[in-house]
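Top line first, the protein sequences correspond to chains A and B.
So the first sequence is numbered by numbering that gives the first Met the number 0: it starts at 0 and just counts up by one.
So the second sequence is numbered by numbering that gives the first Met the number 0: it starts at 0 and just counts up by one.
Take the hints with a grain of salt, since some may be wrong.
[Unchecked claim] Lysine to aspartate or glutamate pairs mimicking DMTMM-like chemistry, simulated, CA-CA at most 20 angstroms apart:
#1 B:K119 - B:E165
#2 B:K221 - B:D206
#3 B:K139 - B:E126
#4 A:K268 - B:E147
#5 A:K268 - B:D95
#6 B:K119 - B:D95
The hints are simulated quantities; they were obtained by calculation from the structure and are not laboratory data.
These numbers were taken from a predicted model, which means no experiment stands behind them.
Listed here are the chains, written in short residue letters.
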Amino acid sequence: MTWLVEPLQYAFMQRGMIAAVLVGLLCAVVGTYVVLRSMAFLGDALAHAILPGVAIAYLLGGNLLVGALIAAILVALGIGFFTRGGTVREDTAIGILFSAALALGVALISSIRSYAVDLSHIIFGNVLGVGPADLWLIAGLTVLVLATVFLLFRPFFVVSFDPVMAKTLRLPVELLRNLLLVLLALTIVGSIQTVGIGLVAAMLVTPGATAYLLTRRLAPMMAISAALGVAASVIGLYLSYYLNIVSGSAIVLVATAFFLMAFFFAPQKGWVWQRLHVQRR
Amino acid sequence: MKIRAHELIGTEPARLDLENVVVAFNGHAILDNVSFEVPHGAQVAVVGPNGAGKTTLFKALVGLLPLRRGQIRIHGLPLGQHKDCVAYIPQREEVDWRFPVTVEEVVMMGRFNDFGWLGKPSPQDREAVLRSMAQLGITKLARRSIGELSGGQQQRVFLARAVAQEPHILLMDEPFTGVDVSTQEATLDLLDELRSRGVTVMVSTHDLNMAAERFERILLLKRRLIAYGTREQVFTREHIAAAFGKQALILDNIVVVDHCCPGDEHDHIHTEETP
Numbered sequence: 000m001t002w003l004v005e006p007l008q009y010a011f012m013q014r015g016m017i018a019a020v021l022v023g024l025l026c027a028v029v030g031t032y033v034v035l036r037s038m039a040f041l042g043d044a045l046a047h048a049i050l051p052g053v054a055i056a057y058l059l060g061g062n063l064l065v066g067a068l069i070a071a072i073l074v075a076l077g078i079g080f081f082t083r084g085g086t087v088r089e090d091t092a093i094g095i096l097f098s099a100a101l102a103l104g105v106a107l108i109s110s111i112r113s114y115a116v117d118l119s120h121i122i123f124g125n126v127l128g129v130g131p132a133d134l135w136l137i138a139g140l141t142v143l144v145l146a147t148v149f150l151l152f153r154p155f156f157v158v159s160f161d162p163v164m165a166k167t168l169r170l171p172v173e174l175l176r177n178l179l180l181v182l183l184a185l186t187i188v189g190s191i192q193t194v195g196i197g198l199v200a201a202m203l204v205t206p207g208a209t210a211y212l213l214t215r216r217l218a219p220m221m222a223i224s225a226a227l228g229v230a231a232s233v234i235g236l237y238l239s240y241y242l243n244i245v246s247g248s249a250i251v252l253v254a255t256a257f258f259l260m261a262f263f264f265a266p267q268k269g270w271v272w273q274r275l276h277v278q279r280r
Numbered sequence: 000m001k002i003r004a005h006e007l008i009g010t011e012p013a014r015l016d017l018e019n020v021v022v023a024f025n026g027h028a029i030l031d032n033v034s035f036e037v038p039h040g041a042q043v044a045v046v047g048p049n050g051a052g053k054t055t056l057f058k059a060l061v062g063l064l065p066l067r068r069g070q071i072r073i074h075g076l077p078l079g080q081h082k083d084c085v086a087y088i089p090q091r092e093e094v095d096w097r098f099p100v101t102v103e104e105v106v107m108m109g110r111f112n113d114f115g116w117l118g119k120p121s122p123q124d125r126e127a128v129l130r131s132m133a134q135l136g137i138t139k140l141a142r143r144s145i146g147e148l149s150g151g152q153q154q155r156v157f158l159a160r161a162v163a164q165e166p167h168i169l170l171m172d173e174p175f176t177g178v179d180v181s182t183q184e185a186t187l188d189l190l191d192e193l194r195s196r197g198v199t200v201m202v203s204t205h206d207l208n209m210a211a212e213r214f215e216r217i218l219l220l221k222r223r224l225i226a227y228g229t230r231e232q233v234f235t236r237e238h239i240a241a242a243f244g245k246q247a248l249i250l251d252n253i254v255v256v257d258h259c260c261p262g263d264e265h266d267h268i269h270t271e272e273t274p
């Protein structure tokens, strides 16, 4: 069992492990809604849209995560604003804002010469570079987002499943929709150091999609998704340590392996089960 | 605190009151200057050709679509400020049937406003859910996920949810389309029971016979209000011709109406604008 403990003797590994577990949990829970509301494209777009925020924060000498946070929330609310009343379709609005923000980010970054190393950390993540202050921020975001998801479980449930019903129950549908976008933005910002903006969409979508294959109710789906997200983070980080590969990639690959197993072998919804069922008929 | 339906009967202005309502979508008026009143406990069939704005009318009534002009009042109060509970049963195409939710959970949604967003369902809430499921004959399906059900069963789930809501006003969009005969019967039985409870009901349907036979009031719509009243008042030659145009063949005393593809109103809006 020493191989389990050995990596954790380093402080940076301990911090990395805590960060990875928190982010795996956070992404997986919020990701349930991303999967059910078909917001995968939005999640990916938001992740890329934080680049200008990071660049501006760097130029101004501020905290990069705070810059990312502001950019993500602005873009999330911008998408909500442009699609209000159906003037512009959501995927169109996402496409426009996402490319615009990415272009702005690249333009700003191209003006900074020494930025290449930091940039690659933002795109691919660097879980071993998580400092104590970053860890506090990630923990704070996790508590905030998860508490909101739990307290507003029923409103989010109804709004996601049946917005018309939500309206007849006089729920603030628009407010809840925007709040979910903000939660998504916070989640992405919390994740960039572990998996990076290039791979955060996978952490949002893959555990949720796997859990969807294994249950037929929302609350268990969330729980299974969370467990899978945490497991993928822990296993991925050990793989990254022993195989000497990038941690973000290792985590995402483990999550993908879970998904493939569920896709083929899940009871009822799995490929094998459906094959057998068809033959029996 | 919820006000029960029977406490209000006879003491209030008309339950539902529309005044010069205009609803527009992408700049085109889908409902144009619609005014009518529905008294307490009345059951109204809403009929009209495809693209007449039946679904739009219902969505405006629950506040889902903004009004360009005009007013909707419930018990004399503007939409959103009244105390009445409005339940809406959407067309089946509008529901995401892949959502991971069981029959029981859907019906329990009807009680969310009673036990609050954080509270636990009380024994009365559970009982109301069980009663509604029993009434619609879906008790055995309680733990099934809604995606596994047949069309008729799915409809009964949403009817049961509406019953559990104990609404004062119930809007049903095309409940007779694409379901089996026993579900149609269950729906009609439910309407009879709601009548005895004084619940105001509006039902959109393509079935003009059903409308004429089972509803005391009929509202004929083709983006504007063509006629509203008893079947004798509404189903006249002039009104049918005005609403259905070339889709209606009028022989001596017989009217034949050709309906295609119910349920896709929005697809038909544009074709109808260029006659």
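Just to be careful, I want the Cα atoms of K139 of chain B and E126 of chain B compared with a cutoff of 20 angstroms; is the pair within it?
Holds: K139 of chain B and E126 of chain B sit about 15 angstroms apart, inside 20 angstroms.
Hinted pair, alpha-carbon criterion (20 angstroms max): K119 of chain B, D95 of chain B. Please report holds or violated.
26 angstroms, violated
Decide if the proposed pair is consistent with the structure: K119 of chain B and E165 of chain B, CA atoms, cutoff 20 angstroms inclusive.
18 angstroms, holds
Check the hint pairing K221 of chain B with D206 of chain B against an upper bound of 20 angstroms on the C-alpha distance.
16 angstroms, holds
Within a Cα-Cα threshold of 20 angstroms, do K268 of chain A and E147 of chain B meet the stated pairing?
12 angstroms, holds
Starting from K268 of chain A, check that the Cα of D95 of chain B is at most 20 angstroms away, please.
With a Cα-Cα distance of about 17 angstroms, the restraint between K268 of chain A and D95 of chain B holds, given a limit of 20 angstroms.
Hint 6 from the earlier list is the only one contradicted by this structure; the remaining hints agree with it.
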